[in-house]
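Residue numbers (the numbering used here), protein chains in the order written: chain A, 1 to 174; chain B, 1 to 427.
You can take every hint at face value.
Okay, the calculated bits of chain A under chain B, using three or more residues with CB under 8 Å as the criterion:
| # | segment |
| --- | --- |
| 1 | 20–30 |
| 2 | 62–69 |
| 3 | 149–158 |
Heads up, incomplete: computed chain B residues facing chain A, CB under 7 Å, no partners named:
| # | residue |
| --- | --- |
| 4 | Leu-19 |
| 5 | Thr-73 |
| 6 | Gly-120 |
| 7 | Ser-122 |
| 8 | Thr-139 |
| 9 | Thr-140 |
| 10 | Glu-143 |
| 11 | Val-144 |
| 12 | Val-186 |
| 13 | Thr-190 |
| 14 | Thr-222 |
| 15 | Phe-393 |
| 16 | Asn-394 |
| 17 | Gly-395 |
Subject to a maximum C-alpha distance of 30 Å in a straight line, what follows is the list of computed DSS-like cross-link-like pairs (lysine-lysine):
| # | chain 1 | residue 1 | chain 2 | residue 2 |
| --- | --- | --- | --- | --- |
| 18 | A | Lys-137 | A | Lys-57 |
| 19 | A | Lys-57 | B | Lys-399 |
| 20 | A | Lys-120 | A | Lys-2 |
| 21 | B | Lys-72 | A | Lys-51 |
| 22 | B | Lys-69 | B | Lys-108 |
| 23 | A | Lys-2 | B | Lys-49 |
| 24 | A | Lys-51 | B | Lys-69 |
| 25 | B | Lys-72 | B | Lys-49 |
| 26 | B | Lys-72 | B | Lys-108 |
| 27 | B | Lys-399 | A | Lys-51 |
| 28 | B | Lys-108 | B | Lys-57 |
| 29 | A | Lys-120 | A | Lys-137 |
| 30 | B | Lys-69 | B | Lys-399 |
| 31 | A | Lys-57 | A | Lys-145 |
| 32 | A | Lys-57 | A | Lys-120 |
No lab work stands behind these hints: they were computed from the structure.
Cβ coordinates follow ideal geometry from the N, Cα and C atoms, glycine included.
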Amino acid sequence: MKNFNGQVLFLDRSDINTDEIIPARYLTENSRDALRPYLLEDISLEGFNFKTDITGKSVIVTRANFGCGSSREHAPWALEVNGIHLVIAESFARIFRQNMFNCGLMAIELSREVLNGIFKDYAGTPTHVTAQIEDRKLIFQNQEKTDIVPFSIAHFDVELVRAGGWVNYADAHY
Amino acid sequence: MGKTVAEKIFDTHRVGAPLDDVHIIRLDAVFCHEITTPIAINDLIARGKDRVFDASKIKVVIDHVSPAKDSKTALQGKILRSWARRHNIQDFFDIGRNGICHALFPEKGFVRPGYTIIMGDSHTCTHGAFGAFAAGVGTTDLEVGILKGVCAFHYPHSIKIQITGQLPAGVYAKDVILSVIGRIGVDGATHKVIEFSGPVVEAMSMESRMTLCNMAVEAGATCGICYPDMTTVRYLWKHIQHEYSSPDQALAAFSVYLPDKDAVYDAILEHDVSGLEPQATFGFKPDQVKSAKELLGTPVDQVYIGSCTNGRLEDLRIAAGILKGRKISESIRGVVSPATSSIFRQAIEEGIIQTFMDAGFCVTNPTCGACLGMSNGVMAEGEVCASTTNRNFNGRMGKGAMVHLMSPATAAYTAIAGYITPSFHKP
Numbered sequence: 001m002k003n004f005n006g007q008v009l010f011l012d013r014s015d016i017n018t019d020e021i022i023p024a025r026y027l028t029e030n031s032r033d034a035l036r037p038y039l040l041e042d043i044s045l046e047g048f049n050f051k052t053d054i055t056g057k058s059v060i061v062t063r064a065n066f067g068c069g070s071s072r073e074h075a076p077w078a079l080e081v082n083g084i085h086l087v088i089a090e091s092f093a094r095i096f097r098q099n100m101f102n103c104g105l106m107a108i109e110l111s112r113e114v115l116n117g118i119f120k121d122y123a124g125t126p127t128h129v130t131a132q133i134e135d136r137k138l139i140f141q142n143q144e145k146t147d148i149v150p151f152s153i154a155h156f157d158v159e160l161v162r163a164g165g166w167v168n169y170a171d172a173h174y
Numbered sequence: 001m002g003k004t005v006a007e008k009i010f011d012t013h014r015v016g017a018p019l020d021d022v023h024i025i026r027l028d029a030v031f032c033h034e035i036t037t038p039i040a041i042n043d044l045i046a047r048g049k050d051r052v053f054d055a056s057k058i059k060v061v062i063d064h065v066s067p068a069k070d071s072k073t074a075l076q077g078k079i080l081r082s083w084a085r086r087h088n089i090q091d092f093f094d095i096g097r098n099g100i101c102h103a104l105f106p107e108k109g110f111v112r113p114g115y116t117i118i119m120g121d122s123h124t125c126t127h128g129a130f131g132a133f134a135a136g137v138g139t140t141d142l143e144v145g146i147l148k149g150v151c152a153f154h155y156p157h158s159i160k161i162q163i164t165g166q167l168p169a170g171v172y173a174k175d176v177i178l179s180v181i182g183r184i185g186v187d188g189a190t191h192k193v194i195e196f197s198g199p200v201v202e203a204m205s206m207e208s209r210m211t212l213c214n215m216a217v218e219a220g221a222t223c224g225i226c227y228p229d230m231t232t233v234r235y236l237w238k239h240i241q242h243e244y245s246s247p248d249q250a251l252a253a254f255s256v257y258l259p260d261k262d263a264v265y266d267a268i269l270e271h272d273v274s275g276l277e278p279q280a281t282f283g284f285k286p287d288q289v290k291s292a293k294e295l296l297g298t299p300v301d302q303v304y305i306g307s308c309t310n311g312r313l314e315d316l317r318i319a320a321g322i323l324k325g326r327k328i329s330e331s332i333r334g335v336v337s338p339a340t341s342s343i344f345r346q347a348i349e350e351g352i353i354q355t356f357m358d359a360g361f362c363v364t365n366p367t368c369g370a371c372l373g374m375s376n377g378v379m380a381e382g383e384v385c386a387s388t389t390n391r392n393f394n395g396r397m398g399k400g401a402m403v404h405l406m407s408p409a410t411a412a413y414t415a416i417a418g419y420i421t422p423s424f425h426k427p
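Just chain A, same shape as in the assembly:
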């Protein structure tokens, strides 16, 4: 199982699409590692600099419908090769969400109300998240405070994460 703890990158916008996460011009690469420098290169988000703001971050916290658009698994791969294994959002596009779990990564949904609180209390400060998957809890922490936030996740999705992805799981079962 991968590591799901670390520093948070806040992306305060809904409908961030996979073209913004990794533009199509990099889909000609035949290795995942080659995607590393281009993560979020085309995102329209004021004040965000993809060259400096991703370094050291392991978790993304964002808004609704993250990963909409193209089916490209290059989007989760670009996250993974940058050390980001967990995305927390109000909701995800179906294919992106499935791609995350298929890679053994996690896409966790929290309610708008809870996310509003997290953005209000933590965005703009150095924030650390610890994901306790067995207990279905996320621990948010900055210098000021700590919050324990419960989440729900399907048993099947946890199985994919434990197996390290869908290929391993399917190979064992079908």
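Place chain B on chain A using the hints.
Okay, now just chain B, sitting in the frame of chain A:
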């Protein structure tokens, strides 16, 4: 309790008992192209599992960047080509015989009502126009599909959208789907299947139904589905005539995949198109839709007619009908890409290509190319494209460029004028 189309298809394809909300379904076809498949192939090789579950159910095309534009895209083609040969995949379509997957595979008769289909391409939902469950997936789902012939999906909740009223002249399937997405939003159907029904859909050609279903994913839908009818049967007839004694018999067989009268939907929407005007997008999301006349006069640098949304013969005929005997504006770069080789050939025979060239269009070969900013018409920063494609995302057709989505008719009028110009009822 009655069942929806997707529920009926899942019932006949389910493998084992559902795992909570997750259903593993058997696949009737796995479609592959050169952008998302090579990494799956390389991964299968690395795992020592370079096998395919059934070579006759795998259909392969090189379409996204065709011909290859550089060494990297040439390598993607090479990996796909040698894999198809190695596994004796008969239905492999290379340059000269190829076309955009979502136009080519229906044309080849690879889609049937009731089929389950996956592809590493989000616009796979297009094939639902035939009453199939067809879903875009990522490379890992594709990899498992190739190896095992199965895929996992959450329970297929459905929305029914009844398209009613009378479609005005000059208003097309593209305008209908843009107006639907504008109404329900880019995540209005996430995790759901959309059944498109009603008299307007029943009157549509298969080409128009494919345009409708193609953009279902722009509202987040897993698949867009139209009900199989005699239009479906006629489109497929040359591919299925050996399997059925008559079109009526084929229709009867396909009708098992019609929804029950008491099927349960998450929502049923009525969408009356009687007063609908030509639509166009603004901004960077496909749900940012307006009547094109509100954008009248917006300067445009390039007009692009093509793609899996609107590069079929019906689309080219409509645009050529408008362009006939006219010239596009001096300020416009016009690019048209027939979606498949046979559409291209037919367009030549009908004089459509001549019309485009006389009007001042550049005619390019079938490829996805410009739609995703890969080749054959990429835009420069600050430029504007009026496009018959399906995505207006920031940077989609070129970094820093703006895309306005619209119908082929509105695109043709725009090319002539040099700025966004809706196709009016009586041009």
